[in-house]
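Visitor: Sequence:
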Amino acid sequence: MEHEANWGLEGDGVVENLFYYLWCKDEFGGGPSLLVPDTVVYKFTQPAFWYFTSKSGKVKKKAKASLTNVQIEKEFCRKSCGVDIVAYYIYMLNGMSSLNRLPSCRPC
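Quick note on numbering: the numbering used here labels position 57 of the sequence shown as 79, and the sequence is numbered without any gaps.
Any given hint could be a false lead.
20 Å max Cα-Cα, derived SDA-like pairs, lysine to any residue [claimed, not checked]:
(1) LYS101 x THR61
(2) LYS82 x VAL62
(3) LYS101 x GLY79
(4) LYS47 x LYS77
(5) LYS65 x TYR110
(6) LYS77 x LEU44
(7) LYS82 x CYS46
(8) LYS65 x ALA109
(9) LYS84 x GLY53
(10) LYS80 x VAL58
(11) LYS82 x CYS103
(12) LYS82 x ASP106
(13) LYS80 x TRP45
(14) LYS65 x GLN93
(15) LYS84 x ARG100
(16) LYS86 x VAL63
(17) LYS96 x PHE74
(18) LYS84 x ALA70
(19) LYS84 x TYR43
(20) LYS84 x ASP106
(21) LYS96 x VAL62
(22) LYS96 x ALA109
(23) LYS80 x LEU40
(24) LYS80 x PHE66
(25) LYS83 x PHE50
(26) LYS77 x ILE112
(27) LYS80 x VAL63
(28) LYS86 x VAL58
(29) LYS101 x TYR43
(30) LYS83 x ASP106
(31) LYS65 x LEU40
(32) LYS80 x ASP106
Simulated DEER-style distance windows between Cβ atoms [what the hints assert, rightly or not]:
(33) ASP48 x ILE107: 16 to 22 Å
(34) ILE112 x LYS47: 16 to 22 Å
(35) GLU49 x ARG100: 18 to 24 Å
(36) CYS103 x LYS47: 31 to 37 Å
(37) TYR111 x PHE50: 34 to 40 Å
(38) ASP48 x ASP106: 35 to 41 Å
(39) LYS65 x VAL92: 14 to 20 Å
(40) PHE50 x ILE107: 36 to 42 Å
Keep in mind the hints are simulated off the structure, nothing from the lab.
Computed from a predicted model, the values in this text were never measured in an experiment.
Glycine is no exception: its CB is placed at the ideal position from the N, C-alpha and C atoms.
Turn these sequences into a full structure, and let the hints steer you where they fit.
Guide: Encoded structure:
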């Protein structure tokens, strides 16, 4: 059996289906209660899904109308008080995972 360290990751290292399954409801109409930071999944350079934790502690998904770069920037910057970094952007570059920090949008 091949050792786990030798298994290659496909894509950018984000397990997009994980967020989908956390968002899905169980047979009782609920889902897991856990804290998920606002997570925007991009497909083909376009925002495809936006997951977050609601005030009730459930994982929710934003409506397609909210999936614009302008709306994403507005929401991330709205929560930026007191921190210099508002988001991380993880992507693949030449087969290697890369990480960019998005700076604060405005002073508090």
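Visitor: If a hint holds in the structure, say so; if it does not, say that too.
Guide: Okay, the hints, checked on the actual structure:
Of the supplied pair hints, the one linking LYS101 and THR61 holds, its CA atoms being roughly 14 Å apart against a limit of 20 Å. Pair hint LYS82 plus VAL62 holds up; C-alpha atoms about 12 Å apart against a cutoff of 20 Å. At roughly 18 Å between alpha-carbon atoms, LYS101 and GLY79 fall within 20 Å of each other, so this suggested pair holds. At roughly 17 Å between alpha-carbon atoms, LYS47 and LYS77 fall within 20 Å of each other, so this suggested pair holds.
A threshold of 20 Å between alpha carbons decides the hint, and for LYS65 with TYR110 the separation of about 16 Å falls inside it, so the pair holds. Using a Cα cut-off of 20 Å, the hinted pair LYS77 and LEU44 holds, with the two alpha carbons roughly 16 Å apart. Note on LYS82 and CYS46: the hinted pairing holds, with a Cα-Cα distance of about 9 Å set against a maximum of 20 Å. The straight-line distance between the Cα atoms of LYS65 and ALA109 is roughly 18 Å, inside the 20 Å bound, and the hint therefore holds.
Straight-line distance between C-alpha atoms of LYS84 and GLY53 comes to about 16 Å, which keeps the hinted pair within the 20 Å bound. Proposed proximity of LYS80 and VAL58 is supported: the alpha carbons are some 9 Å apart, at most 20 Å. The hinted pair formed by LYS82 and CYS103 fails the criterion: a straight-line CA distance of about 23 Å is larger than 20 Å. For the suggested pair LYS82 and ASP106, the alpha carbons sit about 26 Å apart, so the restraint of at most 20 Å is broken.
A hinted pair counts as satisfied when its Cα atoms are at most 20 Å apart, and LYS80 with TRP45 qualifies at roughly 8 Å. The suggested pairing of LYS65 with GLN93 holds, with an alpha-carbon distance near 17 Å, which does not exceed 20 Å. A hinted pair counts as satisfied when its Cα atoms are at most 20 Å apart, and LYS84 with ARG100 qualifies at roughly 16 Å. Taken as a hint, the LYS86 and VAL63 pair is honoured in the structure, with Cα atoms around 12 Å apart against an allowance of 20 Å.
As the CA atoms of LYS96 and PHE74 are separated by approximately 15 Å, the hinted pair is consistent with the 20 Å bound. Between LYS84 and ALA70, the direct Cα distance comes to roughly 10 Å. Compliance with the 20 Å bound is thereby established for this hinted pair. For a cut-off of 20 Å, the pair hint linking LYS84 to TYR43 stands: about 15 Å separates their Cα positions. In summary, the hint linking LYS84 to ASP106 is not supported, as the alpha carbons are separated by about 25 Å, beyond the 20 Å threshold.
Of the supplied pair hints, the one linking LYS96 and VAL62 holds, its CA atoms being roughly 13 Å apart against a limit of 20 Å. Proximity of LYS96 to ALA109 is assessed by CA-CA distance (about 12 Å); at most 20 Å being required, the pair is judged to hold. Between the alpha carbons of LYS80 and LEU40 the distance comes to roughly 14 Å, so the proposed pair stays at or under 20 Å and holds. Taken as a hint, the LYS80 and PHE66 pair is broken in the structure, with Cα atoms around 28 Å apart against an allowance of 20 Å.
Among the hinted pairs, LYS83 with PHE50 is consistent with the structure: their alpha-carbon atoms are about 19 Å apart, no more than 20 Å. A C-alpha spacing of about 26 Å is found between LYS77 and ILE112, which places the hinted pair above 20 Å, so the restraint is violated. Taken as a hint, the LYS80 and VAL63 pair is honoured in the structure, with Cα atoms around 18 Å apart against an allowance of 20 Å. In summary, the hint linking LYS86 to VAL58 is supported, as the alpha carbons are separated by about 19 Å, within the 20 Å threshold.
Of the supplied pair hints, the one linking LYS101 and TYR43 is violated, its CA atoms being roughly 26 Å apart against a limit of 20 Å. Taking the CA atoms of LYS83 and ASP106, the gap is about 26 Å. The hint is violated against a cut of 20 Å. The suggested pairing of LYS65 with LEU40 holds, with an alpha-carbon distance near 15 Å, which does not exceed 20 Å. With a C-alpha separation of about 27 Å, the suggested pair LYS80 and ASP106 falls outside the 20 Å cut-off, and the hint is violated.
Checked against the hint of 16 to 22 Å, the pair ASP48 and ILE107 fails, with Cβ atoms roughly 34 Å apart. One distance hint, 16 to 22 Å for the beta-carbon pair ILE112 and LYS47, is violated here, with the actual separation near 28 Å. One distance hint, 18 to 24 Å for the beta-carbon pair GLU49 and ARG100, is violated here, with the actual separation near 36 Å. Take CYS103 and LYS47: their Cβ atoms lie about 33 Å apart, and the range 31 to 37 Å holds.
Checked against the given bound of 34 to 40 Å, the beta carbons of TYR111 and PHE50, roughly 36 Å apart, stay inside it. At about 39 Å, the CB distance of ASP48 to ASP106 agrees with the hint of 35 to 41 Å. Checking the proposed 14 to 20 Å range against LYS65 and VAL92 shows it holds: the Cβ atoms sit about 18 Å from each other. Distance hint check: the CB atoms of PHE50 and ILE107 are about 38 Å apart, consistent with the given range 36 to 42 Å.
The structure does not agree with the numbered hints 11, 12, 20, 24, 26, 29, 30, 32, 33, 34 and 35 stated previously, though it agrees with the rest.
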